[in-house]
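**Q** The hints should help you fit chain B onto chain A, whose structure is shown.
Sequence lines, in order, name chains A and B. Going letter by letter, the first sequence gives residues 0 to 969 in numbering that gives the first Met the number 0. Going letter by letter, the second sequence gives residues 0 to 197 in numbering that gives the first Met the number 0.
Think of the hints as simulated: they come from the structure by calculation, not from any bench. Warning: the hint list may mix true and false statements.
Cross-link-like lysine to aspartate or glutamate pairs, in silico, EDC-like; alpha carbons within 16 Å at most [to be verified]:
(1) B:Lys157 / A:Glu250
(2) B:Lys146 / A:Glu641
(3) A:Lys656 / A:Glu616
(4) A:Lys619 / A:Glu641
Pulled a few chain A residues facing chain B out of the computed Cβ check, cut under 10 Å [what the hints assert, rightly or not]:
(5) Trp100
(6) Ala111
(7) Lys112
(8) Arg268
(9) Glu859
From the three backbone atoms N, C-alpha and C, an ideal C-beta is built for every residue, glycine too.
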Amino acid sequence: MLTKRKSGQAGRTRLQTLMGAVSSVPLDRRTFLRRSGLAVGGMAAVGAFHLGTIKKAEAISPPQPGVPIELRKSICTHCAVGCTVTAEVQNGVWTGQEPSWDSPINRGSHCAKGASVRELVHSDRRLKYPMKLVSGQWERISWDDAINGIGDKLREIREKSGPDSVYWMGSAKFSNEGTYLFRKLAAFWGTNNQDHQARICHSTTVSGVANTWGYGAMTNSFNDIRNAKTMIIMGGNPAEAHPISLQHLLEGKELNHANFIVIDPRFTRTAAHATDYVRIRSGTDIAVLWGMLWHIFENGWEDKEFIAQRVYGMDEIRKEMAKYPPEEVERISGVPGEQLKRVAEMFATQKPATLIWCMGQTQHTVGTANVRASCILCLATGNVGKPGTGANIFRGHDNVQGATDIGLDVTTLPFYYGLTEGAWNHWARVWEVEYDYLLSRFDSKEIMEAPGIPLTRWFDAVSLPKEQIAQRDNLRAMFVQGHASNSITRIPESVKGLAKLDLLVIADPHPTTWASLAVQGGRKDNTFLLPVCTQFETSGSRVASNRSIQWGEQIVKPSFEQKDDYQVIYRLAQKLGLAERMFKNIAVEGDRPVPEDVLREMNRGSWSTGYCGQSPERLKAHMKNQRKFDLVTLRAPKDDPEVGGDYYGLPWPCWGKPELRHPGTANLYNTGLHVMDGGSPFRARFGVERNGQTLLAEGSYTEGSELTDGYPEFTMAVLKKLGWDKDLTAEELGVIQKIGSDIDKVSWSTDLSGGIQRVVLSHGCHPYGNGKARAVAWNLPDPIPVHREPIYTPRVDLVEKYPTLPDAIQFRLPNIGFSVQKAAVDKGVAKAFPLILTSGRLVEYEGGGEETRSNRWLAELQQEMFVEINPADAAERGISDGAWVWVTGAESNSKAKVRALVTQRVGKGVTFMPFHFGGWFQGEDLRQNYPQGTDPIVLGESANSITTYGYDPVTNMQEPKVTLCQVMAA
Amino acid sequence: MARMKFLCDADRCIECNACVTACKNEHDVPWGINRRRVVTINDGKPGERSVSMACMHCTDAPCAAVCPVDCFYTTADAVVLHSKDLCIGCGYCFYACPFGAPQYPRVGNFGSRGKMDKCTFCAGGPEQDSTEVEYAKYGANRLAEGKLPLCAEMCSTKSLLAGDGEIIAAIYKERVIQRGYGSGAWGWQTAYRETITV
Chain A
0 MLTKRKSGQA GRTRLQTLMG AVSSVPLDRR TFLRRSGLAV GGMAAVGAFH LGTIKKAEAI
60 SPPQPGVPIE LRKSICTHCA VGCTVTAEVQ NGVWTGQEPS WDSPINRGSH CAKGASVREL
120 VHSDRRLKYP MKLVSGQWER ISWDDAINGI GDKLREIREK SGPDSVYWMG SAKFSNEGTY
180 LFRKLAAFWG TNNQDHQARI CHSTTVSGVA NTWGYGAMTN SFNDIRNAKT MIIMGGNPAE
240 AHPISLQHLL EGKELNHANF IVIDPRFTRT AAHATDYVRI RSGTDIAVLW GMLWHIFENG
300 WEDKEFIAQR VYGMDEIRKE MAKYPPEEVE RISGVPGEQL KRVAEMFATQ KPATLIWCMG
360 QTQHTVGTAN VRASCILCLA TGNVGKPGTG ANIFRGHDNV QGATDIGLDV TTLPFYYGLT
420 EGAWNHWARV WEVEYDYLLS RFDSKEIMEA PGIPLTRWFD AVSLPKEQIA QRDNLRAMFV
480 QGHASNSITR IPESVKGLAK LDLLVIADPH PTTWASLAVQ GGRKDNTFLL PVCTQFETSG
540 SRVASNRSIQ WGEQIVKPSF EQKDDYQVIY RLAQKLGLAE RMFKNIAVEG DRPVPEDVLR
600 EMNRGSWSTG YCGQSPERLK AHMKNQRKFD LVTLRAPKDD PEVGGDYYGL PWPCWGKPEL
660 RHPGTANLYN TGLHVMDGGS PFRARFGVER NGQTLLAEGS YTEGSELTDG YPEFTMAVLK
720 KLGWDKDLTA EELGVIQKIG SDIDKVSWST DLSGGIQRVV LSHGCHPYGN GKARAVAWNL
780 PDPIPVHREP IYTPRVDLVE KYPTLPDAIQ FRLPNIGFSV QKAAVDKGVA KAFPLILTSG
840 RLVEYEGGGE ETRSNRWLAE LQQEMFVEIN PADAAERGIS DGAWVWVTGA ESNSKAKVRA
900 LVTQRVGKGV TFMPFHFGGW FQGEDLRQNY PQGTDPIVLG ESANSITTYG YDPVTNMQEP
960 KVTLCQVMAA
Chain B
0 MARMKFLCDA DRCIECNACV TACKNEHDVP WGINRRRVVT INDGKPGERS VSMACMHCTD
60 APCAAVCPVD CFYTTADAVV LHSKDLCIGC GYCFYACPFG APQYPRVGNF GSRGKMDKCT
120 FCAGGPEQDS TEVEYAKYGA NRLAEGKLPL CAEMCSTKSL LAGDGEIIAA IYKERVIQRG
180 YGSGAWGWQT AYRETITV
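The following block holds chain B by itself, in its conformation from the complex:
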């Protein structure tokens, strides 16, 4: 089986936010919930760099480790998913996540959290594939249709890559060799405990 990963090539990211709206479009994510976002450092200064971030679908995911109701599971493609039926909205996973991925809709006027929501790698959830109930809870299931996450597929500069870790690592390596430099595979050490050596 493939080991699915995300890789954002920060030398290509122009912070156009296509990944963000593609995600909204594909899953009809409501206002206030951002499964993916673009973070910019040194904004407006030389050395400005942007990187698109979402759930990285970690190896030994810390969210799963801290979940008191054990709602997380990892698919055969190594995608980290969760069950909204089990989730109690406790917020532990947000504290555990090194990428700030978990999101919670506000369901009351006193700050109470709803069920956690996060990037599914466009792989839906525990419900039956490509059903209305799966879409309503988790959004579209592109993986089941043989497609990759829409954020990466629509990336304006082919900066955000998604797919089998070995393939996207090879694409990135080729770019770094061609360019003669690279900003490194953002978040890989944290998420996958490995990096891409060129």
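Isolated chain A (complex conformation):
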């Protein structure tokens, strides 16, 4: 029977019209890119990917009716929001995924990536066995042969060129325990050439924020943003990069009628939900921030009491603002003064206000300075250290915060102790090895205390003449465990570096672009692939962006010969003769170090950062009791027997020994709470006085503190002065006496007994002191941030007034940014390459993308690499939507063949490329370079094959957010 719709509705609805149009007219980037994958069936697309004959794919692991279901919990591996994943396991097989309602962070929700993680453990595109290149062909080998082959070659290189010729590239995808073991392995191997993804995502945040107020991390939490009345998202696109954070942001926006301001060169999917959108020129963040601050000072909107009590050097900032009047800011950034005034007024007066950023601020040659300027804006308006405020820095990888804290970083031992002799001594005590043994592993004491080579520069360290590198020899071997190659800029240069290496080891769930580019570079031998478990196939703790630490269970065992990170590190340590010392206090079951034991060792050494209270038992109790934690405060009721009074995940710092039951710190620098309720002042990290002005807080202190003014960090000397040393137990005193000859110098961060922290907390004080935040950071190249043009800028007229910093030797290598910028201006590069190229994330993919592009459910949603280009620029070049184009770059004759996505999302003169693609190089498909069956479903050109030179002077962060390019029809 035919039901007639009522007359007048015979025409198609608006939505139906849109749906029907899909096959002919491009609508948005997805419908345009996967037209064939929509209503018409899309199996043609499958054919195009050589998946074989057309038939219904086998179900990956259907539920088994009647078989008991075991629920297991882990944490999503695709960003740092920290969503709990609940798995249904039947007979050891992951057969279903259920919403994790109890988690206060995601409350059942996921994004496209989180909702598809079950595929990862079933993927037939994983690396299944160890492999090796033999005369240019991939061959399966055994684990023993792989470890022996790698170990022998490493020893040979060490003999000839020293330990610094081996690079240990670790991962933000390690658990804390994996990170710690990898860091420890590098220390025992004898090099500081060890690093991970934080270098290329938030290294500048860490340096900028820590240099301002103490610690380099997100100050509040995703949940706390629900309290904000004004949110500025500047240089971030959380709708795609951190989708679950938007749950908290959008609900906060609705409940508080909050201002939701997006400042970005690109009209992002986040901007689509903004109350105000400000388009800026890429790379002008400092000018924009100062433009806002100019209005704030001009109108007296600053928080005078907060500045007087808790900030050092704001007067100098005020003076500097004279250089950034609205006209000048508009000349630099393109933002009209009135618009910035409106935004500045909201941020300063409609409080609490929070400033949220991501890689749009950090990935620049001025990354550290950008971040500092952002912090100063928060300080000037008193928007830090209270609920709803703060510098909310959304980190990218599931454990990038943890891996940063644990010192998988060229500049420090675990937990920011640095590389000084004192730091090495501290860790020698924790590890119970002789300092002299560690020293003997290095080329010299000098190199032991010198920061290593950042991973952004690894290929420079391979290719530059030996005399330009401040270590014994060039890099000759790369051991890469869990890091993409295509997320590092200047790919044409890295391909040359790959060809020159004597040894390349890739330990990863997938072969990654390291493998495909290595073959492309001409490698034939001495290249190993080690299959590694995902976090769902092992157990351990990871740190979310808000510093909460969550314990993930093993959901299933790996399907093939994959080993987890702990096993790989242990087997290698064994081969290198380091295992006995490294695992002295860590139980090893078979070849697997027990992660709980690893965490306990970390607890015993991490006093500086407050990872000392989070025992495996406490973390597991939190996972079990997730539903008890409040949605906004993240706190459990005080009377709960297991987790009473704790903040969810014991966000660090969580002081003292676990028995002390410090609740963790949900919001940093909140003086409104007692220290035992998670209150804290700014860290007194930079001394007590500078140029006659105090660096200690004035009249500001945490709730219930016995000291009612600023105070320095606590040492035994300070304790004695206050007479509090009497509170130490004999046992604690015994431990303290063993630490070094001068007992007075033993501090809250080196006291292995935890006694100093315990006593200080019992007096309501804070172990790290009560200092002022620094508006002026005198130890940085720009103590007060100043606008500096990008190395490759379209505004050559501004370079003379705002040049990049002079060339210098940094991290053992020359940084010749100034020369490159000057040469670019002199040669007129901006004329040949007139378009700004910036890069960013897509919601479906993560990082280098090989894992997510191998996931059939995600790959289907983004099938081709593209470049976004403004309609005006496209029209000038005769480029139509969906057409093939060549994007050419300013260095190394770089070029990439991609689809054009013509859209107003980018302004005129700007192009955007997502950075997750790989497996193509200069128009060539490299699918045949992967070991058979391990190629990701979707391949494409990498954005970083076009990106160019440029390194932040403080961290050697790369510059993938602004360079120049040209686009032409292919």
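**A** Just chain B, lined up with the frame of chain A:
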């Protein structure tokens, strides 16, 4: 009995596609078949809005009205389901559907359509509940287990709501009152011949 409905709050949808992959995950939907998808209008421009769409389980479903083999039926919860044993893959329902919900696997090299596939509101099909045969043809049957569709349960921003029409309408109303604005209940007039008045 409850009257099951979907509602997508377009002011919350961020086009993260969790609903799409959750559906794929739960039912192991093959490549090329999309029981749910997210449509974005004004892409990249001010006024950009996204809405997650699937079978809306219409009142007086037009697909059922045009089906020549009468393979559709409506459950007591008002979920519109169909029998793949009866379906002949004619494609009439695709033309009738105002939401573009019906999907057809391509089974030959000359464009011939296989059995129609669409969102089941996670309620399986005419086979016995929660059996292997039901899963193979229609996917999981969450309703039989007392659960709601996974797409809505996993929605990143709680934009997509699924459940008893009156309850989800109440949730949406509360949001609109709180916010002071709303984009309306997308597709409701077409699917259910009613709208949510605030």
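**Q** Hint by hint, say whether it matches the structure.
**A** To see whether the hints hold, each was checked on the structure:
no.: 1; hint: B:Lys157 / A:Glu250; verdict: holds (9 Å)
no.: 2; hint: B:Lys146 / A:Glu641; verdict: violated (30 Å)
no.: 3; hint: A:Lys656 / A:Glu616; verdict: holds (13 Å)
no.: 4; hint: A:Lys619 / A:Glu641; verdict: holds (10 Å)
no.: 5; hint: Trp100; verdict: holds (8 Å)
no.: 6; hint: Ala111; verdict: holds (4 Å)
no.: 7; hint: Lys112; verdict: holds (8 Å)
no.: 8; hint: Arg268; verdict: holds (6 Å)
no.: 9; hint: Glu859; verdict: holds (5 Å)
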